[in-house]
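These protein sequence lines map, in sequence, to chains D and V.
If you read the first sequence in our numbering, its first letter stands for residue 1, the second for the next number, and so on.
If you read the second sequence in our numbering, its first letter stands for residue 1, the second for the next number, and so on.
By construction, these hints were calculated from the structure, which means they are not laboratory data.
Careful, some of the hints might be misleading.
Stated by the list, open to error - Heads up, simulated BS3-like pairs for lysine-lysine below, C-alpha to C-alpha not over 25 Å straight-line:
hint : chain 1 : residue 1 : chain 2 : residue 2
1    : D       : 40        : V       : 70
2    : D       : 53        : D       : 41
3    : D       : 53        : D       : 22
4    : D       : 36        : V       : 3
5    : D       : 38        : D       : 9
6    : V       : 112       : V       : 73
7    : V       : 70        : D       : 9
8    : V       : 70        : D       : 38
9    : V       : 70        : D       : 19
10   : D       : 41        : V       : 16
11   : D       : 36        : V       : 70
12   : V       : 109       : D       : 38
13   : V       : 109       : V       : 70
Stated by the list, open to error - Computed spacing ranges between beta-carbons, pair by pair:
hint : chain 1 : residue 1 : chain 2 : residue 2 : range
14   : D       : 98        : V       : 74        : 21 to 29 Å
15   : V       : 81        : D       : 14        : 42 to 50 Å
16   : D       : 80        : V       : 15        : 45 to 53 Å
17   : V       : 58        : D       : 26        : 27 to 35 Å
18   : D       : 83        : V       : 56        : 25 to 33 Å
19   : D       : 55        : V       : 52        : 30 to 38 Å
20   : D       : 12        : V       : 81        : 34 to 42 Å
21   : D       : 16        : V       : 58        : 49 to 57 Å
22   : D       : 12        : V       : 58        : 30 to 38 Å
All C-beta atoms, glycine included, are put in the ideal place defined by N, C-alpha and C.
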Amino acid sequence: DTEVTQTPKHLVMGMTNKKSLKCEQHMGHRAMYWYKQKAKKPPELMFVYSYEKLSINESVPSRFSPECPNSSLLNLHLHALQPEDSALYLCASSRQLAGLYEQYFGPGTRLTVT
Amino acid sequence: AQKITQTQPGMFVQEKEAVTLDCTYDTSDPSYGLFWYKQPSSGEMIFLIYQGSYDQQNATEGRYSLNFQKARKSANLVISASQLGDSAMYFCAMRVPSGAGSYQLTFGKGTKLSVIP
Numbered sequence: 001d002t003e004v005t006q007t008p009k010h011l012v013m014g015m016t017n018k019k020s021l022k023c024e025q026h027m028g029h030r031a032m033y034w035y036k037q038k039a040k041k042p043p044e045l046m047f048v049y050s051y052e053k054l055s056i057n058e059s060v061p062s063r064f065s066p067e068c069p070n071s072s073l074l075n076l077h078l079h080a081l082q083p084e085d086s087a088l089y090l091c092a093s094s095r096q097l098a099g100l101y102e103q104y105f106g107p108g109t110r111l112t113v114t
Numbered sequence: 001a002q003k004i005t006q007t008q009p010g011m012f013v014q015e016k017e018a019v020t021l022d023c024t025y026d027t028s029d030p031s032y033g034l035f036w037y038k039q040p041s042s043g044e045m046i047f048l049i050y051q052g053s054y055d056q057q058n059a060t061e062g063r064y065s066l067n068f069q070k071a072r073k074s075a076n077l078v079i080s081a082s083q084l085g086d087s088a089m090y091f092c093a094m095r096v097p098s099g100a101g102s103y104q105l106t107f108g109k110g111t112k113l114s115v116i117p
């Protein structure tokens, strides 16, 4: 089973709203990732968690707040977003952060900020 | 710095024909991994195939094969017997050490493949 699940599939939110994206994997992977992808562009790395600790934060604005409650779950809390934050948000996991392991991606959440 | 180059923004192929998607890479690290992902319009990034820098043989997975030419720093994806369901964006990616025990995945800009019936 190489499944990464993400909820919700679609999200529309206003600039004053607070919402959360959820990601889950049951492959025993110890590294989990958030990516942002704009239309017709490759994914851009936002955050990386390794063994439930934040390892990489690619200078993402504080209106995005990641959380890793346990080894299977990854959340992305959203607050006071801007219209330019509208994008596809992809979650991924890999066996570990170190090593040449493939990353498995979830289906993504399409976020629209109005 | 690590770099992946995909020079074909779009490609067309006739159904049942083979197609090659180009990918070149640049890294000074001797240990790296090369990956191909497929992204249909639905958005999910689907892992297709992996080639390690020390692998002697080209990777194959069903209808997908990776033409790895290390001296030329190329890792082209070959899809045999194209199907309509192969229409998608294809990303080449490279994973290399990025310091402090961390590894980073660098993506190319992608190639949009369209399969014609």
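- Task: Determine whether the Cβ-Cβ distance between residue 98(D) and residue 74(V) falls within the hinted range of 21 to 29 Å.
- Result: holds (26 Å)
- Is the straight-line distance between the alpha-carbon of residue 36(D) and that of residue 70(V) 25 Å or less? violated (31 Å)
- Is residue 109(V) close enough to residue 70(V), meaning Cα to Cα at most 25 Å? holds (21 Å)
- Satisfaction of the hinted span 25 to 33 Å by the C-beta atoms belonging to residue 83(D) and residue 56(V): violated (50 Å)
- Message: Check whether the Cα positions of residue 70(V) and residue 19(D) lie no farther apart than 25 Å.
- Response: violated (46 Å)
- Message: Run the distance test for residue 41(D) versus residue 16(V): straight-line Cα separation, threshold 25 Å.
- Response: Not satisfied, since the Cα-Cα distance of roughly 28 Å exceeds 25 Å.
- Query: Can the suggested window of 45 to 53 Å be confirmed for the beta-carbon pair residue 80(D) and residue 15(V)?
  - Reply: 48 Å Cβ-Cβ, so the 45 to 53 Å window holds.
- When you take the CB atoms of residue 81(V) and residue 14(D), is the distance between them in 42 to 50 Å? holds (48 Å)
- Does the structure keep residue 70(V) and residue 38(D) at a Cα separation of 25 Å or less? Given that 25 Å is the threshold and the Cα spacing comes to 31 Å, the pair is violated.
- Check the following: the C-beta atoms of residue 12(D) and residue 81(V) are separated by a distance inside 34 to 42 Å. holds (41 Å)
- Given a hinted range of 27 to 35 Å, is it respected by the beta-carbon distance of residue 58(V) and residue 26(D)? Since the Cβ atoms of residue 58(V) and residue 26(D) sit about 32 Å apart, the hinted range of 27 to 35 Å holds.
- Query: Under the criterion that the straight-line Cα-Cα distance not exceed 25 Å, is the pair residue 40(D), residue 70(V) satisfied?
  - Reply: With Cα atoms ~29 Å apart, residue 40(D) and residue 70(V) exceed 25 Å; violated.
Checked against the numbered hints given earlier, this structure breaks hints 1, 2, 7, 8, 9, 10, 11, 18, 19, 22; the rest are met.
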